[in-house]
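With chain S held as given, fit chain X onto it using these hints.
Protein sequence lines correspond, in order, to chains S and X.
FYI, in the numbering used here the residues of the first sequence are 5 to 438.
FYI, in the numbering used here the residues of the second sequence are 5 to 438.
Mixed in with the good hints there might be a few duds.
Identical chains blur together in the list; that is why a pair holds if it fits in one copy or across any two.
Below, a list of computed lysine-lysine pairs in the DSBU-like style, where the Cα atoms sit at most 30 Å apart [claimed, not checked]:
1. 429 <-> 13
2. 435 <-> 27
3. 425 <-> 13
4. 414 <-> 13
5. 159 <-> 222
6. 204 <-> 172
7. 291 <-> 222
8. 385 <-> 413
Derived from the structure by calculation, the hints contain no laboratory data.
2 protein chains.
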Amino acid sequence: MADNTILIKNALILNPTVNYQGKKDLLIKNDLISEISEDISGENVDKIIDASDKILLPGFINTHTHLSMTLFRGLADDLSLDEWLNDNIWPMEANLNGDYCYSGALLGAVELIKSGTTTFSDMYFYMEDVAKAVEESGIRAVLSYGMIDFGDEEKRKAEIEENMTLFKNCHDTADGRIKVFFGPHSPYTASEELLKEVRKLADETGMKIHIHVSETQKEINDVSAEKGLRPFEYLDSIGFLGPDVICAHCVWLNDDEIEIIKKNDVKISHNPCSNMKLASGIAPISKLLENDICVSIGTDGASSNNNLDLIEELKTASLLQKVSTLDPKVLTSDEAIAMGTINGAKALGLEDEIGSIEVGKKADIILIDTNNANMIPDSSKISSNIIYSANGSNVDTTICNGQILMENKKLTTLDEQEIYKKARKAIEELKALL
Amino acid sequence: MADNTILIKNALILNPTVNYQGKKDLLIKNDLISEISEDISGENVDKIIDASDKILLPGFINTHTHLSMTLFRGLADDLSLDEWLNDNIWPMEANLNGDYCYSGALLGAVELIKSGTTTFSDMYFYMEDVAKAVEESGIRAVLSYGMIDFGDEEKRKAEIEENMTLFKNCHDTADGRIKVFFGPHSPYTASEELLKEVRKLADETGMKIHIHVSETQKEINDVSAEKGLRPFEYLDSIGFLGPDVICAHCVWLNDDEIEIIKKNDVKISHNPCSNMKLASGIAPISKLLENDICVSIGTDGASSNNNLDLIEELKTASLLQKVSTLDPKVLTSDEAIAMGTINGAKALGLEDEIGSIEVGKKADIILIDTNNANMIPDSSKISSNIIYSANGSNVDTTICNGQILMENKKLTTLDEQEIYKKARKAIEELKALL
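Okay, chain S solo, but in the shape it has when bound:
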């Protein structure tokens, strides 16, 4: 079969690694970036995109979300985490099935593609249905099954079995766009036995681990009461931590725990909008960055955010660090761009494939239109306009694995209106089941 080629002309490239001076042409051959230079010939190229008024950057990487929960957007707000979870989210989740999760994941995929995210890391249930949505949408994903055993041995075995089945059936499928991780839910919902078993299986299989840690003060208190240790101390003490563990939230950390994270090269997924909206607290991100810890970004589920816009999330992250430290120089726009791209790739162990614009890497690329009021003037620092002025709606082209998923704001792989209709129907049915 002949190569499939796309040539992007005259793009200003914003990249977290190599700094390309001036405008460049970029050639995509099949799933890869094959050339970046001054003037690439358009002869024999299948498609040419004019990016003269556009900024080209790596597709954003959302390292912590629950995509099917997009169905629960706006279902319950302005509530405590307990009321939100116990009285609203869990009763709805009790009636979920694979079809509903598929509908929610497709709705979320539309939002991700439209706002420039090409890779997401998910933890939820009915993950094979989420994989189906990933396969169809053309997006890239790391999927983990959210394992909860509350100390029950039968449940533990079944949960691990479920995550392993997901691995067997889905890992490296969809042209390699899907990877599967373990998803032990958290140190307070997964037993010590479960966590130790996951560690052992991770070492055997090479599967990485996605977990929630230290989200709320209550969690710190509960884990401390039960284990006599704070969450990261406890996880360290049972040998659970390592460079293959990505921890979401990490709001309440003391200096010893930051040292534990650093020592184990644990990866962080920062979720500022969710932490603010649920009043969980402010994660000490600038301190983590000072310690050269790998901090990536995630939106958490749309039900506690309430959107999946990674640019908005990065602006919020930056502004929140500045005001909470009273230092306007922390978490600069360049650092935020890195957090949303290459750090996400490192967190997921995919830094050889994605997270930056480099020859040989996967063609996960977005174009942002600069010809809009909120992006002008555009003669100063590009990263500033992206992080502080833009939002996801400024993205006009999204390419993943060399495939165009959106061009000029029109989706190519998914039928938006059909997905909206199904998502509306799904949430109505779920509400009726309560």
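Okay, now just chain X, sitting in the frame of chain S:
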């Protein structure tokens, strides 16, 4: 002349005052809302808008900005307030002229209209040029000239003269869309004599007052050192405060000052993105709301934000209060909607004309398209989807004073591309003058 009529059919109305149940038709006659009911006939109506998939709400009111500074978007970021102002903004401002301010104001007006703001309150220089931009764009504005005397008597007289001339030339012009306020810059840049003279002239003329107060800790320290009183104590002691004073920022307030604000019925403009970005601090908004103080919202200039998206500003306001109080129930989405609409109208003394959807009020109306991924599902609380999920790009129609300024995302009064071109040229010229 015959009446000009616009009929909006089948709209779901989100309103901070009267609660309309179900979908309604709304009739605009000239500049006013003339009827809201179940089924209004389209016969003899000049234009009909189908709002079946849309949410109708009052145009947003931005009570503190510097519109011409939109030219300085992205000029300097990740700096301390001093470096930002002294080394970057002030040197650029030294070369401003009326043409540049006009270009910047038009650029800002495009952004405001596109993101659903119909009224802004401005404080800057070359305000007659800003008035020209307001006149042409069809937006509504309260304009004040930023008076700074640093205790110099000649300068003081000239500054007051300038603000009074603006009043004489522009107040109640543009079909009543422009009002003029006094704009003493702040308690640390305007002398006690200037503030007292403004108070006297405000009482004589009925002009209201727009001022920056208590933005940074440095200001508190400086005013305390000079006056022996904190800023609000000082302003109260010289009889400056009253219900006609709108104070921007108000970050650093102790309980006595909150009491002073309440006693004087002073109006507040909260500017969370700017306060976060410049690391000024977190204003105690939930405490002000508990005290029934009128809190409205402003973006500040685009140079410290870096956009003019009021929906983003309201989300940030809500999330910041939740996390800083560790209480997820404060600043709900309904309160945020009020902050962005009716409270803004009250702050500007325009609550009889704008800020809510009611028969007899000015037709300042926006429509938000619900048929977009980030707005689905849309069956729960409307205000939640607007505040927590949407951003300005979801606005598809903007009407001010009965005139359509944008329909289906297309501007009707302004030439976007021409304005972008001029704004880009202006900033290049200003940079070359440094």
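Against the structure, the hints come out as follows:
no.	hint	result
1	429 <-> 13	between (42 Å within a copy, 24 Å between copies)
2	435 <-> 27	between (51 Å within a copy, 22 Å between copies)
3	425 <-> 13	between (37 Å within a copy, 22 Å between copies)
4	414 <-> 13	both (20 Å within a copy, 28 Å between copies)
5	159 <-> 222	within (25 Å within a copy, 58 Å between copies)
6	204 <-> 172	within (17 Å within a copy, 79 Å between copies)
7	291 <-> 222	both (22 Å within a copy, 25 Å between copies)
8	385 <-> 413	both (25 Å within a copy, 28 Å between copies)
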